[in-house]
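*Asks:* So the sequences go chain by chain: B and U. Each residue of the first sequence is one higher than the one before, starting from 1 at the first, in the working numbering. Each residue of the second sequence is one higher than the one before, starting from 1 at the first, in the working numbering.
Where hints are given, some of them may not hold.
It does not matter which identical chain is meant; a pair holds if it fits inside one copy or across any two.
Lysine-lysine pairs mimicking BS3-like chemistry, simulated, CA-CA at most 25 Å apart [as the list claims (entries may be wrong)]:
1) K200 to K112
2) K90 to K224
3) K200 to K238
4) K134 to K238
5) K112 to K224
6) K90 to K200
The hints are simulated quantities; they were obtained by calculation from the structure and are not laboratory data.
There are 2 protein chains.
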Amino acid sequence: MKGNDSISTLYEHGTLASLMAGNMAGTIALGDLLKHGSTGIGTFDGLDGEVIILDGEVYQAVSSGQVNHVTNMQAKMPFASVHQPADLQKLTINDANFALLNGDFVGQHELKNVFAALRLKGEFNHVKVRIAPKQEEPYPSLLEVAQGQPTFVCDHVQGTIIGYYAPAIFGSVTAAGWHLHFISDDREFAGHLLEFNAAKLTGDLQVFDTLEQHLPVADEAFRKGEVDMATLRDSIAKSEGNAD
Amino acid sequence: MKGNDSISTLYEHGTLASLMAGNMAGTIALGDLLKHGSTGIGTFDGLDGEVIILDGEVYQAVSSGQVNHVTNMQAKMPFASVHQPADLQKLTINDANFALLNGDFVGQHELKNVFAALRLKGEFNHVKVRIAPKQEEPYPSLLEVAQGQPTFVCDHVQGTIIGYYAPAIFGSVTAAGWHLHFISDDREFAGHLLEFNAAKLTGDLQVFDTLEQHLPVADEAFRKGEVDMATLRDSIAKSEGNAD
Chain B
1 MKGNDSISTL YEHGTLASLM AGNMAGTIAL GDLLKHGSTG IGTFDGLDGE
51 VIILDGEVYQ AVSSGQVNHV TNMQAKMPFA SVHQPADLQK LTINDANFAL
101 LNGDFVGQHE LKNVFAALRL KGEFNHVKVR IAPKQEEPYP SLLEVAQGQP
151 TFVCDHVQGT IIGYYAPAIF GSVTAAGWHL HFISDDREFA GHLLEFNAAK
201 LTGDLQVFDT LEQHLPVADE AFRKGEVDMA TLRDSIAKSE GNAD
Chain U
1 MKGNDSISTL YEHGTLASLM AGNMAGTIAL GDLLKHGSTG IGTFDGLDGE
51 VIILDGEVYQ AVSSGQVNHV TNMQAKMPFA SVHQPADLQK LTINDANFAL
101 LNGDFVGQHE LKNVFAALRL KGEFNHVKVR IAPKQEEPYP SLLEVAQGQP
151 TFVCDHVQGT IIGYYAPAIF GSVTAAGWHL HFISDDREFA GHLLEFNAAK
201 LTGDLQVFDT LEQHLPVADE AFRKGEVDMA TLRDSIAKSE GNAD
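The following block holds chain B by itself, in its conformation from the complex (with noise of 0.2 Å):
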């Protein structure tokens, strides 16, 4: 597949290493991530819902489960990642589940030491998402928080996973292996998507040569971040894991 692989670039705004220190205030405006991709995910200040980006359209499903099409540019994030599709690799899964997405695709697109883009559109079987609920300072660990998210369950929906494959060797910077999004076609049940199995799934693969990491300097709780190196993978593993 690698006689394919566009060379293109992945925007990071932000650490998961930062927001498991606590740091979910917002660093950029939507606007400005925006001018470095038309497609993505994140989250908002204070670590509000789970962001779909999808050609330039923004959706925000917040922890009671609705989804709000987000038009204000001015909103900010803490935590963001977005890409300009191009020289997609189009695909074709059968019988699609997080186990295959993690075993058998990650071989044979050579994912593992490279970022991808993923984006499978089609009818689900089954759908299960958390959602993260908005937070207030002084700030829990991202880990706290993950300890008492909402989860939502879907069942035979039309809709679109959107998001990211990072190498384990990032797994301190942002989600080792897949950080996967879910929307309904209706715009109306979205998430963190953490479990889903479909009959048949099309879309496209996009390989990175470049992830361009942008780290909000000016921002003092950035600056002074305390992460904790002994326990930051694992956490992450607990905040970020999805099921197989």
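Dock chain U against chain B, hints included.
*Replies:* Using the frame of chain B, we list chain U on its own:
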């Protein structure tokens, strides 16, 4: 110091994790690297020496201790970092050594969560460097190479320190903390800095808001490389560590 932070980019090609896995073949041409910055550090194909790039001039210290002025823009590098100096914070440091840089300096400039470039010039009382010897295929791991590297000492020498600070969470990707090289003003003594002390150095600090991490996604060895996450950080610390 944050009010003076420049908003700029550190460009890095390759990762320490990939070197650690034994992928030491060059994957970017020097000429391509220099498009991203005039100043930096790195190594050549086969881990051949320690590279110092100052104002577009490229020097390579090889393991005999000799320093070459490199003008072959086709020469390939497996790992290198460069930047374009801009909006520099001017520095004067008295009684400079690694203990100072690792301690008070990082605290005063709030560097622990950011990438930064450091350039310091002056008369050094003492400098100790190491120089990686060129490896042949099949390549060993970086750790094996690091255990048998020649070191060189020079006292009372005029020269320049150039290199980078990286946050701990990027310690699987690049060298966490300081990764500094040294070159004498007469361009006859250079290498990876292990020890130094100087009564007074002057120079500049540049804080980056962006890491542009470029990966050799078309390189088969990179795509297939096996990274041992369990031992990676420890191996990098042993290979890249600086003496205090």
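*Asks:* For which of the previously enumerated hints does the structure constitute a violation, in increasing order of number?
*Replies:* 3
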